[in-house]
Amino acid sequence: MPRAIDRLRAGVIACTPALFLSACAEPLTRSDALWPYSGDAVAANRIVHTIDPWPRTSADTAFPTNGARIAESIVRYKTSKAPEAIAPPVLVTR
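The sequence shown runs contiguously to residue 128 in the numbering used here.
Treat each hint with caution, since some may be false.
[To be verified] Computed spacing ranges between beta-carbons, pair by pair: (1) Ala78 with Cys58: 28 to 38 Å; (2) Ala78 with Pro123: 39 to 49 Å; (3) Thr91 with Ala52: 55 to 65 Å; (4) Ala38 with Val76: 50 to 60 Å; (5) Asn79 with Gly45: 39 to 49 Å; (6) Lys115 with Arg80: 31 to 41 Å; (7) Arg80 with Tyr111: 21 to 31 Å; (8) Asn79 with Glu106: 31 to 41 Å; (9) Ile108 with Ala57: 50 to 60 Å.
Just so you know, these hints were derived from the structure itself, not from any lab. Note that beta-carbon positions come from the ideal geometry of N, C-alpha and C, so glycine has one too.
Kindly generate the complete structure, drawing on both the sequences and the hints.
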């Protein structure tokens, strides 16, 4: 039965080449680990897991408003003013 020191020496001799060879490897940079097109992973996953990723209506960019209401809300947000009460249109039938 080999002594413990002989087993330890055999283990060190077996691991030494791996240690020296690993020192010759180039360090892994962040760009090596990433795919070049992985910048928008959330959107890519959304498209991959959707049955119909781009419906025909997504190409329609003719919006029925000029954006005045949104511009007003942006100004309110930046100036931290409380919004004025805007009553929604109500259909009254009698």
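Against the structure, the hints come out as follows:
For Ala78 and Cys58, the Cβ-Cβ distance of about 36 Å falls inside the hinted range of 28 to 38 Å, so the restraint holds. Between Ala78 and Pro123, the C-beta spacing of about 40 Å keeps the proposed range 39 to 49 Å intact. Range check, Thr91 to Ala52: Cβ separation about 58 Å, and the 55 to 65 Å hint holds. Between Ala38 and Val76, the C-beta spacing of about 54 Å keeps the proposed range 50 to 60 Å intact.
For the pair Asn79 and Gly45, the supplied restraint of 39 to 49 Å holds, since their beta-carbon distance comes to about 45 Å. At about 35 Å, the beta-carbon gap between Lys115 and Arg80 stays in the expected band of 31 to 41 Å. At roughly 27 Å, the beta-carbon separation of Arg80 and Tyr111 lies within the given 21 to 31 Å, and the hint holds. At roughly 35 Å, the beta-carbon separation of Asn79 and Glu106 lies within the given 31 to 41 Å, and the hint holds.
Between Ile108 and Ala57 the beta carbon distance is about 57 Å. The supplied range of 50 to 60 Å therefore holds.
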